[in-house]
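Protein sequences appear in the order of chains A and B.
Throughout the first sequence, residue numbering follows the working numbering, covering 1 to 216 in sequence.
Throughout the second sequence, residue numbering follows the working numbering, covering 217 to 472 in sequence.
Because the hints were derived from the structure by calculation, they are not lab data.
None of the values given here were measured: they were computed from a predicted structure.
Which residues of chain A face chain B? A few of them, derived with a C-beta cut under 8 Å, are:
{"hint": "1", "residue": "13"}
{"hint": "2", "residue": "127"}
{"hint": "3", "residue": "156"}
Think of the CB as a built atom: it goes at the ideal place given N, C-alpha and C, for glycine as much as any other residue.
One-letter residues, chain by chain:
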Amino acid sequence: MSRVTVIDYGVGNLLSVSRAFEYYEADVLLTDSPDEIANAERLILPGVGAFADGMAGLRIRALVKPIKDFAATGRPFLGICLGMQMMLEVGEEFGTHEGLGLIPGRVVAIPPTGANRQSHKIPHIGWNELRKPIPETSWDDTILEGIHEGMSTYFVHSFTAVPTSDEYRLADCFYNGRKVSAIIRRGNLYGCQFHPEKSGNVGLRIIENFLQLLVE
Amino acid sequence: MKNIRLIARLDVKGPNLIKGVNLEGLRKIGDPNLFAKKYYEQGIDEIIYMDIVASLYNRNNLLDIVRQTTQDIFIPITVGGGVRSVDDVKEALRAGADKVAINTAAIKRPSLVFEVSQRFGSQCMVLSIEAKKVSDGKWEAYYDNGREHTGVDAVEWAKKGCELGAGEILLTSVDMEGTAKGFDYELVKAVSASVPIPVIASGGMGIIDDFEKVIKEASADAVAMAHVLHYGKMTLEDIREEATKRGIKVRDHDNV
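Next up, chain B with everything else stripped away, as it sits in the complex (with noise of 0.2 Å):
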């Protein structure tokens, strides 16, 4: 079995880390790189960023954050929001990011994920999915914080994107994000069954019951947290305990 990856998501805005519910409703909630080094000390396996408001107001300030956090962190950063080009790829990595996170971009221009792939490696190109479900065993993609409909299926959006070179998907219910009432779990199975990269469940993480069931089964290969890790509901430490306890692979936080 392999191990599961235990990722922090930070949603920024402006200098903020800031959480909502539904990706709206945002609350303040401290500084980013104060958050991103207290995961980093726990033993987080990797972190994402997300710059919330960028796409909508065409800015991005968050390559500073990415820039001071990077200094004496480790492990592998992913931004996300106001993605746009080649170039702001380029930015990001120049940053000290490992991978970006593309949404709206990539629904209005998909051939982006082809050149991100192409120009930067698989690796680097994570696709964004923001999924709201319409009815029964079907989502809708959106973007802007799940505040744009696309008409696009979210499943084929998945599979669309994997053929143009995504190396993995963060996939975000739009519905459960921030509700701490656990992942939206068909969701999750439905895109994980459809393409052979890796997908990151985002949204809705409130207890360790919802974890356990999102990986075994809905077959998440990465499970995002933020809610949880950023009101201290749990630690890493506890997380990594329960996981171990009910037979999920995570990996050993070494100090050497």
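Isolated chain A, as found in the complex (with noise of 0.2 Å):
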């Protein structure tokens, strides 16, 4: 059985994502305890609200170490939604915030206009289809095996992962023609904008193969 450890930092409804992972039958700890993840199997950072109270509260309960000293350890690592932004070394919702820095690049509002220049509403609320960033791209052997180009996760956000190189992304999607980065990932550590635990069977198949990844 997987032992998955989920940080419970003060953010978000961590019941969907545990349920998602024990319908796996994986064994699942809510923790805030530094050694416990530092020391995790595989760690999830779930998440919604603000960038900057989201590392605040990870800050407060001294977190932020122990998750740089596990993501060192190239163990299999999920950031989802805000859990998946604060992976970026720099966030810009309401003010410029220092983040975890997993991941190189920065966290931008989506362009209030679409690529028409028409307006369109924000968030970003709904299901939106994976896309390969570029068409060598591979999903084997990633948290996205077996899902093909074009199925649907759900989204709700207002603002987007920009990694420094397109290497980071795995995944993207098109909001009125804005790109808007799905997944991101860097060996072992991934990223999903979008809620697994709320994607359906995509979804579901996304949390199994995490389950899966092998843990070196």
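Please dock the two separately framed chains into a single complex, following the hints provided.
Next up, the structure:
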């Protein structure tokens, strides 16, 4: 049985995330203990809300270093929604804020207009199709194993991650023509902008794939 | 073009899924969990549960249903009816809900919208507006399932709710609800044009033409369906197929 540690730092709804992992019979531990986080087998950073609040929640519990230490081990890490955004170096929501810096890049507002210059609704809420950032991108042996381009997941966000290099983008989607990072990746560190725990069959497959990533 | 969200709205009274006309004349339909499961398997995008008597009798037994539903349904769930405080929202989220829809308590104390969005994020705060037409181009917000009027202009209330931090608006036409005679298109259009946040059109869908019209002519971002699904008038597969034919983008039901 896989052991999954979910970081409980006062932000967001952890129940759905736990249930999705329990659906695959993972042993789920909710914790804010620095030791348990640094020594996790698989680590999940969930979260909704504003970037600065999320980082403050981590800092006040002294969790930034344990998360970075965990990330350095190469064991599987999954950031979800705000948890994904905090993986970047800098967030630009309500000012400029330092993130975890697990993946180089910034988090910026989704443009207030679509590619056609018409204003569109923000937040981006709803199901959107996963696309390969470049045709050569392979989803084999990643959390997208078995998932095809064009399959949809559930998004709700106003800001989007912009990694410094396309090599960190595993999947994108397009909101009225504007490119949005759907999944970022660096080795075994993954971040999903969408909610896999709320994305039906496709999301469950991602959860299952994450549980099958090899622990070094 | 973006996907239009297909949402099943399940009005619940006690342990039963019910359906009424104009939010009254209630009729039992069955076990809400079985219906939710069926729609999930057919590829519904979201589910809204409304305890339609909660605000009337000051009780909320909907959360047991939500707890059960979210064991094996992995899509966004919104809970409404009887949500009166930040603590109530916390309870709903703990039961597995992702968002709450608030009408009565927000009308009585608009700052609740701000408090909920500050605490849990705008994505969690759905402002539920029950609107009744008073004259051409004018609608009034109601509460307690269209029983109590407020004197508040529905479009102005939508704008204010948005400023207070609501992330979406669930817009129900009291006049059309349960009639299966189409949406109040003018209402949906007026609200959608007034706010930058998504508007879910609710109340009145009977045939696919209604769906097409509320999206193309009234700019709805999502459609809440009850009658048409609960009575098996259309399946989600029918709706997706017809939507696609008519040039409306909806999510494919992906099997992996």
